[in-house]
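Chemist: Protein sequences appear in the order of chains R, P and B.
All you need for this note's numbering is the position in the first sequence, starting with 1, plus 4.
All you need for this note's numbering is the position in the second sequence, starting with 1, plus 22.
All you need for this note's numbering is the position in the third sequence, starting with 1, plus 443.
What the hints contain is simulated information worked out from the structure, not anything from laboratory work.
Just to be clear, a hint being listed does not mean it is correct.
[What the hints assert, rightly or not] One-sided excerpt, in silico: chain R residues whose CB lies under 7 Å from chain P:
(1) Gln46
(2) Glu286
(3) Thr392
[What the hints assert, rightly or not] Here are the in silico distance ranges between beta carbons for each label pair:
(4) R/Pro363 to P/Gly32: 40 to 48 Å
(5) R/Glu286 to P/Ala59: 28 to 36 Å
(6) R/Gln438 to B/Arg679: 33 to 41 Å
A virtual CB, placed ideally from N, CA and C, is assigned to each residue, including glycine.
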Amino acid sequence: MKEIYDLLIIGAGPAGLAAAIEAAKHKISVLVLDEQSEAGGQIYRSIRTTQSLRPETYALLGPDYQHGENLEKTFREAGIEFLAGASVWQVEQDRALHFLRNGISQKVCYRRLLVATGALERPVPIPGWTLPGVMGAAAADVLLKSSGAVPSGKVVLAGSGPLLWLAASRLVSAEVEILAVLESTKYAYYLQALPYLPQALRAAEYLLKGLRLKRQIRRAGIPVFSGIRQLRAEGAQKLEAVHFDHRGQSKIFEVETLLIHEGIVPNTQLTRLLGCEHRWYERQRYWHPLLDEWGNSSVDGVAVAGDGGIVAGALIAEASGHLSALEAAFQLGAISKDHRDKAAKTYRKIIRHHQAVRPFLEQLFPPNPEILVPPEENTLVCRCEEVTAGQIIKAVELGAHDLSQLKAFTRCGMGPCQGRMCTLTVAEIAAKTQGKSPKEVGSFRGRPPLKPITLGQLANSTE
Amino acid sequence: MLKRLRNSKGKNITIWFEEKPISAQEGESVASALLCAGVEDLRTAPLSGASRAPYCWMGVCFECLLEIDGQPNRQSCLIPVQEGMRIRRPALNFGESA
Amino acid sequence: MKTSDILVIGGGVIGTAVAYGLAELGAQVNLLDQGGSTPNASRGNFGLVWVQGKGLGMPRYAEWTEEAANEWPEFSADLLEKCGIDVDYQRPGGFEVCLGEEEFSLREAEMKQLRQESTNGGLTPAKKIACEMLDRMSMQALIPELRLGDTVSGASFSPLDGHLNPLLLLSSLLDSFKKSGNLHFPEQQVETIIFRNNCFEVQTKSERFSAKKVVLACGLGISKLALQVGLEVPLRPQRGQILVTERTRPMLVQPFVTIRQTGEGSFMIGASHEEVGLDSGTTTQEMRRLAQHAVNVFPQLSSLQLVRCWGALRILTPDTKPVYAESASCPGAFVVTSHSGITLAPLHAGIIPRWIVEGKTPVGFEQFHSRRFDA
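All chains should be built: construct the whole structure from the sequences, respecting the hints.
Modeler: Here it is as structure tokens:
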């Protein structure tokens, strides 16, 4: 490993891989770091291992997943320096960062940084969501990719969004026993998405895919309940049953696994720590870094590509990776402005094409209001510190009006996950209790370490 | 809680959980291997002592923390199994090892 | 226009303690805080209730600190009764650890000087300062669960030292204050104070407040506002960075100045002393130094996970001792500031409110006036 790189890329998902491949073309020095044990991010998680060790699963996962194979192969064959198992825990003001790998903390410097750390599933705080047996739906999909495993008993899926249906489809193909799909999507959402349908037809392949997935679920005889409310998970030591309301009727399924999903949101841990400016995206209700059309953030030398910038899917992530790398090459003096702009045209076209379906999808699948602000006060919001919605409301009423005060008063965001699982919910609760918009209550300040590091590892870390 | 969809084409691997041998397969994560082996009590919540299990499977929920080969608090959903790995639950006692 | 008997400006641990104490005396109080995520010493606190080592150069302050420590048990019981929040005050005695022989000698000399000053300039008959030097063996005997690192030469130990949960202290003070029926305004940044007709008119961005008496307890914001009421209070920020580890089983009962185990089981390690202006960020360099310190003192801590760290700004007067002052030109305007807002909380909720309402000044109180900094 060198001391300094022209371009340091954090994240080896589609955006990071594409950026690395593009950067290598222009002869700038590149290092890619990812905390996973191999490249692929989440969408192409463990693609190489799955292909070589679990070929039937690989086939089941279909062409959307298999697209990653080419990307990963091109990356590997380009001989780009890649450190897997590297967890970034700290960034410095002077273009350096520290990462932990094999128990040793190392420091590396950069001229330009590309944050390609992607997104995470929006946390879905329903009563009982911390019970063993409750997990994300995209999480189950990732589990299938990373380890070839599926839930062993009866399963129910619940929530909304394309990834809910994709997960359901893959589990059906994997012959998992799915008792039902519980959609929080209301019929009204279809109406409000209708004006965006003509535009979405330009990328009709997404809509056709969605219809195919739904048809597959129907054909498998799996009942779909739409517009469900009051979803709750119950059980003593682990999940035993799922309760919900459908059209005024209470229903229950006895299952061992509940897969919940309400969309994905950008992972802003690194951009917060770097001090980038963020904006509140009202339609999907999340924070994301403020970026220009090349992915440059408000911090000089720091760019973001992929779902970590704004959630737009794997193919846009890949194209945005190319754009960021072209920009990096230009800023570093490796290519001219003309060259950059010309080469960018292809990728802008790709982005425009896939972007066409986004407004429709976002209107059809807004985050479920019952998830944004849990109606039941005993619902856990901060899993790490076991803080309930009611405790947060009480703290707001006591005078803690923004997130840094709420953190101090309730301990939300002080546990190992450092707010990844609760920030958005705390913001929504704080906002609703005060009659404000979430963008007025701030966010948890980015503090190191991004990932846990022991005192011993920190004591011995490179200066 | 979990089962393997198909057996891996890779090696069979033995890992150790709380001194007991567990059959695992090349190319899977530690957390997955344990849950496929029927080990369900991986972690308890710090205050209430309630049982917890992995939720996000991608390294953001921190529910899968286990001690692996003497290194505490590793996110076991991110770490592939290796022959002879020694895994323990997060202990509130910690030993002499630095 | 919102009127009250007294207006307290600053809702940190000092302002809230004063407001709570004033309410206990029956005064009608409005408490203002600027809110937001502004540098807030009260939220970034280590949580020590500390006596040893205080007051070098001002024996009155050493006594002041000891008074506070002695009032703590009753004070925390009162708060528990009033609002049901237990601030987890513990007084097992505290250590200031010495690494190497030189640190031990230096510390010993410092203690000698404190004793000397107390004998010569103290206001009460010279009494033994409850602080002693312990060698390594005696120290280890008091800490059975954790092995001391090889370079630990000993420590100074005071049975009066203790610790608590600082965030719960702030919550309990605020809760008790509000339960008394008085009002807290959490998003009011004061812009101007005008003294007119024996009354103070205070203007924030959106509101006007008036009161017969006003207390400036707003930390670094005091200097600017104090000038408007005829007081000059020089203050500077000093950053302290703190590390917090994951929770683990109880192992360390006594707090150290630099290491303590909280009631929840996490270890806190701190703090730095940096002159960096208003920057409450964290630096890898300081984080590393703190981790190295922790591991030098207790090698077993090296396997603990660091979960978070932060920086916070202390509010320091030029001699680091408190300022308690009433304005001569604007009588009824008070300044209350100290960097030991936790330790001194019982006095800020007791003696200080009595001074504000009844004019009762304790012996030697004039030593705390800000005029001591006039050139």
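Chemist: Now tell me if each hint is right for this structure.
Modeler: Verification of the supplied hints:
The beta carbon of glutamine 46 of chain R comes within 6 Å of a beta carbon in chain P, closer than 7 Å, and the hint placing it at the interface holds. Interface hint status for glutamate 286 of chain R: violated, as the beta-carbon distance to the closest one in chain P is roughly 23 Å, over 7 Å. Nearest Cβ of chain P to the Cβ of threonine 392 of chain R: about 11 Å, over the 7 Å cut. The hint is violated. Range check, proline 363 of chain R to glycine 32 of chain P: about 44 Å between beta-carbon atoms, so the 40 to 48 Å window is met.
For the pair glutamate 286 of chain R and alanine 59 of chain P, the beta carbons lie near 46 Å from each other, so the given range of 28 to 36 Å is not met. Checked against the given bound of 33 to 41 Å, the beta carbons of glutamine 438 of chain R and arginine 679 of chain B, roughly 34 Å apart, stay inside it.
Going down the numbered hints, you'll see the structure goes against 2, 3 and 5, while the others check out.
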